[in-house]
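Chemist: Below, each chain spelled out in residue letters.
2 protein chains.
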Amino acid sequence: MTTKDLLLGYLKQENGNWVSGEALSTRIDVTRSAVWKQVCALRDEGYKIESSPRKGYILKSVPDLLLPGEIQQNLKTEFFGKVGIYHFAETDSTNIQAKALAAEGAPEGTLVVAESQSRGKGRKGRKWFSRSLGGIYSTIILRPKIAPNEALKIPLLTALVAVKTLLAITPIKPTIKWPNDILVNGRKLGGILTEISTEVDEVDFVIVGFGININTAEFPDDIKPIATSVLLETGRTLSRTLFVKEYLKNYEEIYGIFIKGGFDPLMNEWRTLTNIVGHMIAVDMIGKRVTGQVEKIDKEGALILWDEQGNQHRIYSGDVTYL
Amino acid sequence: MTTKDLLLGYLKQENGNWVSGEALSTRIDVTRSAVWKQVCALRDEGYKIESSPRKGYILKSVPDLLLPGEIQQNLKTEFFGKVGIYHFAETDSTNIQAKALAAEGAPEGTLVVAESQSRGKGRKGRKWFSRSLGGIYSTIILRPKIAPNEALKIPLLTALVAVKTLLAITPIKPTIKWPNDILVNGRKLGGILTEISTEVDEVDFVIVGFGININTAEFPDDIKPIATSVLLETGRTLSRTLFVKEYLKNYEEIYGIFIKGGFDPLMNEWRTLTNIVGHMIAVDMIGKRVTGQVEKIDKEGALILWDEQGNQHRIYSGDVTYL
Numbered sequence: 004m005t006t007k008d009l010l011l012g013y014l015k016q017e018n019g020n021w022v023s024g025e026a027l028s029t030r031i032d033v034t035r036s037a038v039w040k041q042v043c044a045l046r047d048e049g050y051k052i053e054s055s056p057r058k059g060y061i062l063k064s065v066p067d068l069l070l071p072g073e074i075q076q077n078l079k080t081e082f083f084g085k086v087g088i089y090h091f092a093e094t095d096s097t098n099i100q101a102k103a104l105a106a107e108g109a110p111e112g113t114l115v116v117a118e119s120q121s122r123g124k125g126r127k128g129r130k131w132f133s134r135s136l137g138g139i140y141s142t143i144i145l146r147p148k149i150a151p152n153e154a155l156k157i158p159l160l161t162a163l164v165a166v167k168t169l170l171a172i173t174p175i176k177p178t179i180k181w182p183n184d185i186l187v188n189g190r191k192l193g194g195i196l197t198e199i200s201t202e203v204d205e206v207d208f209v210i211v212g213f214g215i216n217i218n219t220a221e222f223p224d225d226i227k228p229i230a231t232s233v234l235l236e237t238g239r240t241l242s243r244t245l246f247v248k249e250y251l252k253n254y255e256e257i258y259g260i261f262i263k264g265g266f267d268p269l270m271n272e273w274r275t276l277t278n279i280v281g282h283m284i285a286v287d288m289i290g291k292r293v294t295g296q297v298e299k300i301d302k303e304g305a306l307i308l309w310d311e312q313g314n315q316h317r318i319y320s321g322d323v324t325y326l
Numbered sequence: 004m005t006t007k008d009l010l011l012g013y014l015k016q017e018n019g020n021w022v023s024g025e026a027l028s029t030r031i032d033v034t035r036s037a038v039w040k041q042v043c044a045l046r047d048e049g050y051k052i053e054s055s056p057r058k059g060y061i062l063k064s065v066p067d068l069l070l071p072g073e074i075q076q077n078l079k080t081e082f083f084g085k086v087g088i089y090h091f092a093e094t095d096s097t098n099i100q101a102k103a104l105a106a107e108g109a110p111e112g113t114l115v116v117a118e119s120q121s122r123g124k125g126r127k128g129r130k131w132f133s134r135s136l137g138g139i140y141s142t143i144i145l146r147p148k149i150a151p152n153e154a155l156k157i158p159l160l161t162a163l164v165a166v167k168t169l170l171a172i173t174p175i176k177p178t179i180k181w182p183n184d185i186l187v188n189g190r191k192l193g194g195i196l197t198e199i200s201t202e203v204d205e206v207d208f209v210i211v212g213f214g215i216n217i218n219t220a221e222f223p224d225d226i227k228p229i230a231t232s233v234l235l236e237t238g239r240t241l242s243r244t245l246f247v248k249e250y251l252k253n254y255e256e257i258y259g260i261f262i263k264g265g266f267d268p269l270m271n272e273w274r275t276l277t278n279i280v281g282h283m284i285a286v287d288m289i290g291k292r293v294t295g296q297v298e299k300i301d302k303e304g305a306l307i308l309w310d311e312q313g314n315q316h317r318i319y320s321g322d323v324t325y326l
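Chains as they are written, first to last, in our numbering: chain E, 4 to 326; chain S, 4 to 326.
Zero decoy hints are in this set.
With beta-carbon atoms standing in for the labels, derived distance ranges:
#1 Q315(E) with G265(S): 16 to 26 Å
#2 G265(S) with R292(E): 16 to 26 Å
#3 T294(E) with G265(S): 15 to 25 Å
#4 D32(S) with R292(E): 54 to 64 Å
Please keep in mind that the hints were generated in silico from the structure rather than gathered at the bench. Owing to the predicted nature of the structure, the values given are computational and were not obtained by experimental measurement. Here a beta-carbon is modelled for each residue, glycine too, at the ideal position from N, C-alpha and C.
Only chain E is shown next, with the shape it has when bound in the complex (with noise of 0.2 Å):
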């Protein structure tokens, strides 16, 4: 731990209460100058931390930004975030950053977060809207001992992750649509964006990209009629870190089930929050497009889908609309 962390931990501890900077430079073993200078960074960083001559020092404040230590505090998880978090202001993109980070050797679990992103990415490199500081950019880095099909699947555990933790600590009622939005009443409000890095035979690592709006309250013209944040559905801000250790937990939980069993565990819980079956859609490929009526999602977590000529398709990845 850091002096800064230490500080922090210490002034938390007094929960609004004052505490003297003698007691602090004490029971950190540092100068009362040395107190002072790590005050002011915490300040910096968005702390509101009171200070009087005589009474010393008082935790006003947290400011609402994903800091490892406020993530860390109190997180329920084996390794998920405890291995690792990167933090950044603001980044070109999340998934660019974990990628570097994971070509050089991060372990699974490691986290990175950003408040803001400049070329923030949506699926076949469009761009997704990352300058509200009400977002949540996140990607978590993966290492499955798995064939590179198995890892196709990472996208609907992340899905699943994604809405349970939604589920646990909003009223919001979302659902998938696949195989990588998360909607509400009809309206987006966060993606995932899986990138994998792959031998033929078994996977190197795999990036899980995952944006969300919570405390969004206005978005762009371009993007207003089809977008949504859990600000605006409930009219309620929620704590972004909160929901960060919320969906660590989920995920590091789900990702155990799916490395032991593989999907299959996991196939009905998605499936009841799915809404895709029985719908007439479009769905496009690489170079097509197919259109039909979904039938189901298989074992694999393929669409099942059967066009007016009565062909059945098989098709594991797309870009879906509601006909």
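On the provided structure of chain E, position chain S as indicated by the hints.
Modeler: Okay, now just chain S, sitting in the frame of chain E:
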């Protein structure tokens, strides 16, 4: 073209005759001392260039190195090897270098070659003997607009390219040991290591490492009984540059067929070059081993194998042992 490339071109044009320093400096439009400087640079690369105060310069021999200028001379491709060749006297691994180049946006058809590798790797992180000056260690960067499932067939087409190249320029009759090895008389001549970077819908890039023992006269004791080279099989050395040129030409052609029509149009030819059908084999995969008789390779390139209990197995990749 650099001064050095122009100089080398003119020296080669003379086809073993002397050419004066004055004539060269006039043609290239540089000073005679600049000509001399570039002659020294070429000598450092291994070109044998004699000089005489009265007669000028004569090119006596070209080094047996995989120099970009030598590979690109009369290279019969549209863009493979023409868009860029990165040559290393020694590197960690051409796959590692190619992966970094691909992540930075290197175009399809980029080639990385090395005379020697310090961290040459085979599948699943195994070491690949890469110290022989007689070997070729190469990686091609591909950017196919295909789904990740399709990209799993790229090792198969690469094996086809390698065998066709050997058949075209050597008397060797190699076979493909499914999925990634090139054998001659039961000994390993070459191997393929494919790495894929992909989203769930569409591949970002594929790097195809290919190592082959060309003029290797002797192997370390531990692999001596199982390894061979073109030299050991034929008793003759082979120009490694010629091999790379032929490999690039065949690769571009066969890759073009694959991109247009998938592996189907290549399957018949590929099948005639593999000798696995009918054999009793064991296949080691992640966490399990399957033993049985090979019925066929299906049209996806997967191995269809029946075990002794009468169960059918469909296997995409693994370590094969003949029983």
